[in-house]
Amino acid sequence: MTGDDRLEGLRAAVELSPDNHALRLVLAESLREAGETAAALTEFERVLDAGALPRDEAVEVGTAAAHAGRLQFAARCLDLARNAGVVGGTAGLEDLLTTLLADSGAVQRADGPEPDTHVARRVSVAEEACTFADVGGLDDVKRAIHRTIVLPYQRPDLFEQYGRRAGGGVLLFGPPGCGKTLLARATAGECGAPFLNLRIEDVLDPYFGVSEQRLHLGFDEARAAAPCVLFLDEIDTLAFARRHQRSAGVGRAMVDQLLQELDAIGANNDGLLVLGATNVPWDVDDALQRPGRFDRVIFVPPPDAEARRRILDIALRERPTAGIDVDALAERTPMFSGADLCAVVERAVDAAIDEALTSADEVPVSQRHVDAAMRTARATTLEWLRTARNYTEFANESGRYDEVRAYLDQREMRKLLRR
Amino acid sequence: MSSLELVEHLLGVGRPQDALRELERLGPDEAGTIVALYLRGYAHLNTGQADAAVHDAQAGLQAAPDDIALLYLLSVAQAERGDLAAAEAAILSALGHAADDADLLAQYARILMRAGELEKAGRVLATARASAPGSQDVLRCHIDLAYLRGDTAEAEGLTHLLLAEDAESARGHQMLGAIALERGDLPAAEQRLGEAVRLEPVHDEVADTARAARILQRPYYWPVRFFNRFGAAPTWVAAICLIVGLRAAGLELAAGLFGTTWLIVCAWSWAAGSRLEHQLR
Ligand SMILES: Nc1ncnc2c1ncn2[C@@H]1O[C@H](COP(=O)(O)OP(=O)(O)OP(=O)(O)O)[C@@H](O)[C@H]1O
Ligand SMILES: [Mg+2]
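Going line by line, the protein sequences match chains A and B.
The letter at position 303 of the first sequence is residue 303 when you use the UniProt record's numbering, and the numbering goes up by one with no holes.
The letter at position 221 of the second sequence is residue 221 when you use the UniProt record's numbering, and the numbering goes up by one with no holes.
Some clues are possibly wrong.
Here are the simulated SDA-like cross-link-like pairs (lysine to any residue), alpha carbons at most 20 angstroms apart as the crow flies [what the hints assert, rightly or not]:
1. B/K120 x B/A85
2. A/K142 x A/D295
3. B/K120 x B/A132
4. A/K415 x B/Q136
5. A/K142 x A/E403
6. A/K142 x A/Y407
7. B/K120 x B/P133
8. A/K415 x B/D83
9. B/K120 x B/L148
10. A/K415 x A/S398
11. A/K415 x B/E205
12. A/K142 x A/G192
13. A/K415 x B/A85
14. B/K120 x B/A167
15. A/K415 x B/D204
16. A/K142 x A/R378
17. A/K415 x B/L276
18. A/K415 x A/R378
19. A/K142 x A/A84
20. A/K415 x A/T380
21. A/K415 x A/R400
22. B/K120 x B/S131
23. B/K120 x B/R140
24. B/K120 x B/D83
25. A/K415 x B/Q279
26. A/K415 x B/R281
27. A/K415 x B/P133
Hints in this document: simulated from the structure, not taken from any laboratory.
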């Protein structure tokens, strides 16, 4: 195969699978080798946008970008290299950038990137183009979220009239890969309220007491933006059950701080809604689930057949396909999580790409690719569901998990969970 | 914040998979540090990849051959792989640098217990207890040793000590549940094992035992309880002796009646046993 053919093949493959960043990276590198710098930089930038640019390439790509006059892009590469602790070449790149910026008459960059003073990341609504329509199935869950989160913002008058206060906490829990994070993002898109994301990596700090301070700051920022939704994903990482903590380290103090913040919200009624999510509810500190904190606990189950069909449709849209029996595939995949289904589709697409690389014709993703992908696929939720069954059977005094119990007690569920 | 602190935190909150993912994102300089290798080793160990953990520990030891924490990790990972000799070698070289370290001694005792060398394990644990009387890890080893020796009373007493310090020790509750089960005290077994499941629901075997303890309390299962309580062999011997005795005494009818009843009880017990199995599946 000549170099040109290879580039063409790669281009086609990337077009077929725009989210395959590894492949795009190969394309970018091949373009660079072929001397097509401008095109290469465009691809590199998209890889960088996706957060998939390897750190050891950051300096080289940044330097090329700087020479091509794309200073903004070069500065981002420099930031990436610095944040990743890359030492070699960053100083040189910085000097180059400073010179070029001075030449271009722009202001000189301050020392290092502008520090991000915000703890909670504000997720703009435009950025979250995603809505409930992008979440397959889960109608009950959507209804519950609509009632407890979306409606209070859209019709505050209604809630006032009925003496129901807007605000408080809602906790989503369920097996991994079944759409909790996706639902939260869709909720942001649905309600049009400001949506802030507070993650453990934004809070955690090795200095004594600083993590708690940062957590408090995050809540302060949310309060200032109220009415708004504050999203705490993987809340178990913030509020790990005390019983598992060996010593009174960061973790314990953080749980206490989180409890304080939640209680303050309950007392002030200031229109701040906290949305939490976790796939290990049994590892979340019990105190978090007491009344007034997260009163609403919503189970996000694995998708049913209807939902699986929707998920597959979503995953396959904008892909060239031919003759895939989505209905049959949905029937064949009980207990597959959304992520499992997406993985099947990805693998099928990869197989189609492999074929496209060696063939002159366009190769749409077809049933045989899917069948091949299904051979090694399996439902990852079963293990979680077994653990959930153990937990709900022996730790459901408050009845908080009645919903899951009922779900697990269904006849076909019991059959599936048999070992 | 450095990513390594995040990795450490993720390991601490039981998310080794996420810790691994975070480690993968480290630059090559940071990924090769001893701390990073150490954390990666634990992440591998906690995701069931003991081979990879051994590899990480060895890589770290190449740069720091005397690092006690790495030697400890290596020992745990080797034991997890089932290579007790390598596990022992690693812990012994760690002990060469810190002979009184209670954690190292406890790990050594665990290896000896797995190898069936209970007496030697006892001596090692005595040293450990002398150097760190309050160590929960050493106490847990002691409990296991007592139980392995068949000294149920001592195991029970020590477990109560453990639970007095840490009322939410799943292992402690599980141990008391197992002891109650041996004693035929089903309600106590159910309560203790249930508590262990509540605290650590991921262990299916514990949950199954707790379920069995619950189900066996139903009236229908009395023959199973009966056999469990007195042991199958002794009850059989007793029953046969009784039948033979009755016949020798000339009480043919009584012997016949008893024999028939005995057969029914046995059949019932068998049916109940297989039904229990079915219910647990
Ligand atoms: N109901 C769904 N509809 C459409 N896509 C879904 C659905 N559920 C899962 N997915 C797909 O699976 C991916 C993983 O889902 P998501 O991250 O929301 O899972 P999660 O419940 O937050 O898992 P975890 O507990 O591991 O954080 C999503 O990015 C999405 O592509
Ligand atoms: Mg998630």
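We went through each hint and held it up to the structure:
Between B/K120 and B/A85 the alpha-carbon distance is near 15 angstroms, which keeps this suggested pair within the 20 angstroms criterion. Of the pairs offered as hints, the one joining A/K142 and A/D295 holds, with about 17 angstroms between alpha carbons and a cut-off of 20 angstroms not exceeded. Restraint check: the Cα-Cα separation between B/K120 and B/A132 comes to about 19 angstroms, which is no more than 20 angstroms; the hinted pair holds. Distance check on the hinted pair: A/K415 and B/Q136 sit about 41 angstroms apart at the alpha-carbon level, beyond 20 angstroms; violated.
At most 20 angstroms may separate the alpha-carbon atoms for a hinted pair to count; A/K142 and A/E403 meet this at roughly 15 angstroms. Under the criterion of a C-alpha separation no larger than 20 angstroms, the hint pairing A/K142 with A/Y407 is consistent with the structure, at around 17 angstroms. Restraint check for B/K120 and B/P133: the C-alpha separation of about 19 angstroms stays at or below 20 angstroms, so the hint holds. Proximity of A/K415 to B/D83 is assessed by CA-CA distance (about 38 angstroms); at most 20 angstroms being required, the pair is judged violated.
Distance check on the hinted pair: B/K120 and B/L148 sit about 13 angstroms apart at the alpha-carbon level, within 20 angstroms; holds. Distance restraint check for A/K415 and A/S398: the Cα-Cα separation of roughly 27 angstroms exceeds the 20 angstroms cut-off, and the hinted pair is therefore not satisfied. The hinted pair formed by A/K415 and B/E205 meets the criterion: a straight-line CA distance of about 18 angstroms does not exceed 20 angstroms. Our distance criterion of 20 angstroms between C-alpha atoms is met by A/K142 and A/G192, whose separation comes to about 16 angstroms.
Our distance criterion of 20 angstroms between C-alpha atoms is broken by A/K415 and B/A85, whose separation comes to about 43 angstroms. Proposed proximity of B/K120 and B/A167 is contradicted: the alpha carbons are some 30 angstroms apart, above 20 angstroms. With a CA separation close to 16 angstroms, the supplied pair A/K415 and B/D204 stays within the 20 angstroms bound. Of the supplied pair hints, the one linking A/K142 and A/R378 is violated, its CA atoms being roughly 27 angstroms apart against a limit of 20 angstroms.
For a cut-off of 20 angstroms, the pair hint linking A/K415 to B/L276 stands: about 16 angstroms separates their Cα positions. Of the supplied pair hints, the one linking A/K415 and A/R378 holds, its CA atoms being roughly 16 angstroms apart against a limit of 20 angstroms. Our distance criterion of 20 angstroms between C-alpha atoms is broken by A/K142 and A/A84, whose separation comes to about 39 angstroms. Between A/K415 and A/T380 the alpha-carbon distance is near 16 angstroms, which keeps this suggested pair within the 20 angstroms criterion.
Taking the CA atoms of A/K415 and A/R400, the gap is about 24 angstroms. The hint is violated against a cut of 20 angstroms. The hinted pair formed by B/K120 and B/S131 meets the criterion: a straight-line CA distance of about 17 angstroms does not exceed 20 angstroms. For the hint linking B/K120 to B/R140, the alpha-carbon distance of about 17 angstroms falls within 20 angstroms, and the restraint holds. For a cut-off of 20 angstroms, the pair hint linking B/K120 to B/D83 stands: about 19 angstroms separates their Cα positions.
Taking the CA atoms of A/K415 and B/Q279, the gap is near 12 angstroms; set against the 20 angstroms cutoff, the hint holds. Among the hinted pairs, A/K415 with B/R281 is consistent with the structure: their alpha-carbon atoms are about 9 angstroms apart, no more than 20 angstroms. A hinted pair counts as satisfied when its Cα atoms are at most 20 angstroms apart, and A/K415 with B/P133 does not qualify at roughly 50 angstroms.
This entry does not satisfy hints 4, 8, 10, 13, 14, 16, 19, 21, 27, going by the numbered hints stated previously.
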